[in-house]
Amino acid sequence: MNWTAKPRLSSTGAPGAAARKPGPATSVSPSARVSNGLKEFLWLISDVPRGRVLDLGPIWQSTVSFFVEKGYRVSSEDLLRAWKDFLTTEEERLRTAAVGEGGERLSPSRLAEKFLETAVQYREESYHGVLAWDMLDYFDPAAVPPLVKRLSSLVHPGGAVLALFHSRPAERFHRYRVVDAQSVELIPAPTIAVHAHVFQNREILGLFDEFRSSKSFVGRDQVREALYVK
Amino acid sequence: MWRKPNEDKLSEPLAAPVPFKSEEPVKPQSPQAPQVPSSFAAPSMTSSPAPSSPSLSKISAGLKIQGELSGDTDLYIDGSVQGKVRMMNGRVTVGPNGRVQAEIEARQISIDGTVEGNLKASESAQFGSSSKVVGSVMSPRVGVADGARLRGKIETIRTPQTPKPTAAKGAAMEDEAETIGSKVE
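First to last, the protein sequences are chains A and B. Here the numbering used here is used: position 131 in the first sequence is 131, and no number is missing along the way. Each number in the numbering used here corresponds to the 1-based position in the second sequence with 1000 added.
The following block holds chain A by itself, in its conformation from the complex (with noise of 0.2 Å):
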């Protein structure tokens, strides 16, 4: 992948992003955050005429209409609180399985492939960008992998992961939201799951394998941005 090739996109967010300048996070707000993985991701998909792009976090009007009203194609699948929901689910079945009548627990991996059976259902190669925020760090590091081959094959060739990893646990639970072009606003919420494990370098590429390319910036609160294409 040329990084170099195409012109860059100008600043051109959401209406008031023109007069925001690019600048170290703590310039912008406290819980704003300049992206450059972002706005890496935006110049990749900017090439597709009404694009595709999975947001795997929670729904907000900020990213639904940023994307909307640059003519992409928005969907939405809360992927940690899915997970959150169905690991609760499967405690209650073990809770109230008979003996003998599947009651038996399951290894993560096993739980991860029995999840991705009703969770993340998309057709292949159909989305150009996905944005899987720092959800990965939350999920048992045994159930990552089947869930990164999942993400790998919605992707439309061409088309790019934005995925963030934590350099040391989370101090605080967050849910990101686009703000404009180039920064991405994060949210304080109630815990809807653990930091489970803290990726090095190495474990990442070994994830995104079957990705072509990648790309990442670290930010001073030591959160890197990895941006992976396909």
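Quick list of simulated restraints, FRET-style, between CB atoms:
no.: 1; chain 1: A; residue 1: SER107; chain 2: B; residue 2: GLY1147; range: 31 to 39 Å
no.: 2; chain 1: A; residue 1: GLU171; chain 2: B; residue 2: GLU1068; range: 46 to 54 Å
no.: 3; chain 1: B; residue 1: GLU1123; chain 2: A; residue 2: LEU116; range: 33 to 41 Å
no.: 4; chain 1: B; residue 1: GLY1071; chain 2: A; residue 2: SER107; range: 46 to 54 Å
no.: 5; chain 1: B; residue 1: GLY1147; chain 2: A; residue 2: GLU171; range: 17 to 25 Å
To be clear, the hints were calculated from the coordinates, so they are not data collected in a lab. By construction, the Cβ of each residue, glycine as well, lies at the ideal position given by its N, Cα and C atoms.
Got chain A sorted already, so can you dock chain B onto it with the hints?
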């Protein structure tokens, strides 16, 4: 670099229409609209005032309806509906207790309860903070309150106001129409 993606193909409706069968008769309510909790707080959406509809029908909590509901009135659902809801000139509101397993087609759609099915609004679709929706959404304007839960696709469509669209516009509308009733993602 990119090639145009294939559009979703039309798929079967979520539930096959069945003859209208209600467990209790639906009585048209008084013209006054029920106190619909308005948890919608999306700044970019300005919901137009309720139309002067001949009447407002209400499916109260505890009432279950299976089948196809159609008409020109406004409809408030706080009970359970399975099948299909078509109120082309009206507003369909799903209250906080409402549980709908149906495609909904209306001028305005407002959700505060639980819906499983595709939604198509010719004017606007709004999702309150207590809404839980699984299905695709097609509307010229979409409003989402913080806390809303949506699993599905959002697509904005143009309001068909021009009687004679140009060839290009016609193509665009056709392109968009292709996804109507698309499989729930």
